[in-house]
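All chains, full assembly: derive it from the sequences and hints.
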Amino acid sequence: MKYDSIFDVIGHIMVGPSSSHTAGACRIAYVTYQLLGDIPTQAEIILLGSFSETYKGHGTDKAIVAGLLGFKPDDERIRKAFFFAEEKGMKFKIKKGDLGGDFHPNSVLLHVKKGSKKIEVIGSSIGGGNIIIIEIDGYEAGFNTDLPTLVVVHKDLPGIISKITSVIAKHKINIDSMKLTKNIRKREALTWIEINSTISEELSSEIEKLENVKLVRVLNV
Amino acid sequence: MFESFIHFYDEFTKSKIDDVAEFIILEEIHTTEKTKKEILDRVDTIYNTMKKSLENALSEKTILPIEEAIGQSDKLTSEPFFLDKNMKEAVYWTMSIAEYNSGMGVIVACPTAGSSGVFPAVLFKAEEKLKKSKEDSLKALIVGGIVGAIIGNKATLSGSEGGCQAEVGVASAMSAAAITYLAGGSLNQIFEAISLCLINLMGLVCDPVAGLVISPCIKRNTIGVMNAFLASELALSGVSSIIPVDEVVAAMNNVGKKLAYELKETGLGGIANTPTAREIRKRIFEE
Numbered sequence: 001m002k003y004d005s006i007f008d009v010i011g012h013i014m015v016g017p018s019s020s021h022t023a024g025a026c027r028i029a030y031v032t033y034q035l036l037g038d039i040p041t042q043a044e045i046i047l048l049g050s051f052s053e054t055y056k057g058h059g060t061d062k063a064i065v066a067g068l069l070g071f072k073p074d075d076e077r078i079r080k081a082f083f084f085a086e087e088k089g090m091k092f093k094i095k096k097g098d099l100g101g102d103f104h105p106n107s108v109l110l111h112v113k114k115g116s117k118k119i120e121v122i123g124s125s126i127g128g129g130n131i132i133i134i135e136i137d138g139y140e141a142g143f144n145t146d147l148p149t150l151v152v153v154h155k156d157l158p159g160i161i162s163k164i165t166s167v168i169a170k171h172k173i174n175i176d177s178m179k180l181t182k183n184i185r186k187r188e189a190l191t192w193i194e195i196n197s198t199i200s201e202e203l204s205s206e207i208e209k210l211e212n213v214k215l216v217r218v219l220n221v
Numbered sequence: 001m002f003e004s005f006i007h008f009y010d011e012f013t014k015s016k017i018d019d020v021a022e023f024i025i026l027e028e029i030h031t032t033e034k035t036k037k038e039i040l041d042r043v044d045t046i047y048n049t050m051k052k053s054l055e056n057a058l059s060e061k062t063i064l065p066i067e068e069a070i071g072q073s074d075k076l077t078s079e080p081f082f083l084d085k086n087m088k089e090a091v092y093w094t095m096s097i098a099e100y101n102s103g104m105g106v107i108v109a110c111p112t113a114g115s116s117g118v119f120p121a122v123l124f125k126a127e128e129k130l131k132k133s134k135e136d137s138l139k140a141l142i143v144g145g146i147v148g149a150i151i152g153n154k155a156t157l158s159g160s161e162g163g164c165q166a167e168v169g170v171a172s173a174m175s176a177a178a179i180t181y182l183a184g185g186s187l188n189q190i191f192e193a194i195s196l197c198l199i200n201l202m203g204l205v206c207d208p209v210a211g212l213v214i215s216p217c218i219k220r221n222t223i224g225v226m227n228a229f230l231a232s233e234l235a236l237s238g239v240s241s242i243i244p245v246d247e248v249v250a251a252m253n254n255v256g257k258k259l260a261y262e263l264k265e266t267g268l269g270g271i272a273n274t275p276t277a278r279e280i281r282k283r284i285f286e287e
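Chain order of the listed sequences is C and P.
Just so it is clear: in the first sequence, position 106 is 106 by UniProt numbering, and no numbers are missing.
Just so it is clear: in the second sequence, position 86 is 86 by UniProt numbering, and no numbers are missing.
If you are wondering where the hints come from, they were derived from the structure by calculation, not from laboratory data.
Yeah, the Cβ is synthetic: ideal placement off N, Cα and C, and Gly gets one too.
Take these hints with a grain of salt, some might be off.
[As the list claims (entries may be wrong)] Derived coverage of chain P by chain C (criterion: at least 3 residues anywhere in the stretch with Cβ under 8 angstroms from a Cβ of chain C; other residues may be distant): (1) 25 to 39; (2) 93 to 103; (3) 110 to 117; (4) 135 to 147; (5) 157 to 165; (6) 206 to 215; (7) 255 to 266.
Structure below.
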């Protein structure tokens, strides 16, 4: 089920004109900003499907640039996103693309980097400002960021999940849902964990300190 | 979340709670683990944001990339010819909010931004006309919310997947449900209002000129408002849609799937593909 709460339908306060093309697009980019952990210095924005047909009219381009700058979908600055991108030193390219896969009509592929940090995200805007993060760096994801989400990249070794979950349990937090995807070749895995309460910095830094954990990100949208 | 309207009906009947909104709040507490206060506070924020969007929309001048579309709502402050004063004002409100949204103003998507003018215009007008309190309206908002969620799970709330019937059509159905509740209608009457709304706008395509949420979107919000008042009036008078609401939603979903790609928010078909629309597109994007 896509909508679990009345607020999935009437809860999105946002800048118009289109919940899917403006707000949802901004949200995917905002998640990408949180995953990178910084404002990128370079961004490649590849628009797919309906996004590529009508992005100018809906301000999809501005919304995505705004999200990468760390602006949320209800931020009045979205309409001036290009100005702020220049001010904050973010270079971006917008292209039309086709991944050939079975993607939702409103999808975007984002390649962003800053220094040695880089990340690649595919996200779909499924209507009403709701999104699904489809892929992160080639790992299948599938979460929607309606709840605070913890994303952990770690070595694919026995026992590592129990170490992560025991840190969460120690903080007396109940996990809502979680999923692990492996990259066999790199012997790494990406785990995402949805939690029905705020994720503290203390919790994320404790997980970051665990052996064989490579990256921890907290997504709050 | 309820799997269907009939599931919602059965659970409500079993619960022995007499107020539909109170019953929905309990379901919301159950599924989201939030407290009643947290839920009501959030509904209050939504209501206040809708009010503020309307106030801003009526007072600010909205700049739109299609010149011809600027300031059209202001023409509706004139004396009515056919509608009564209240209905004309509701239409004025919805057009103003829809224009404000198109100009990148802050709104509440309900269910989407493109259809965000419908619900507040219908709700605030019904509240005023029925002399209801804000507390009553907050409950009506909750009823509207659950209707959107059930339809969204069974069909879609995205114009790119289901056409405008999924946006203005659903906004209209959510509003009709909310005001039928506000007027004291039964759950059956609420369901009839939803069915009538969706049936009357079934097949509505999404064909934005130049891909912009301006034309015909802003005016489609007005039919969403009139359709909601009409459907609610019919339902409260005892008129039946004949077809049960879950079947109507399934039909709407099928129709949405059958709509051509050009008619689902791509800006390539329907009104968007008329000679004038093509000219507007050229003017905007080739400048």
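Hint by hint, here is what the structure shows:
Counting residues of the region 25 to 39 of chain P whose CB falls under 8 angstroms from any CB of chain C gives 4; the rule of at least 3 is met. Counting residues of the region 93 to 103 of chain P whose C-beta lies closer than 8 angstroms to any C-beta of chain C gives 4; at least three are required, and the coverage claim holds. Check result for the region 110 to 117 of chain P against chain C: holds, 6 residues qualifying (beta carbon to beta carbon below 8 angstroms, three or more required). Interface restraint, the region 135 to 147 of chain P with chain C: holds (5 residues with C-beta to C-beta distance below 8 angstroms; minimum three).
For the region 157 to 165 of chain P, the stated coverage by chain C holds: 5 residues have a C-beta nearer than 8 angstroms to a C-beta of that chain, and at least 3 were required. Requiring three or more residues with a Cβ within less than 8 angstroms of a Cβ of chain C, the coverage given for the region 206 to 215 of chain P holds, as 6 such residues are present. Counting residues of the region 255 to 266 of chain P whose CB lies closer than 8 angstroms to any CB of chain C gives 3, which reaches the minimum of 3, so the coverage claim holds.
When the structure is compared with the earlier hints, no violation turns up for any of them.
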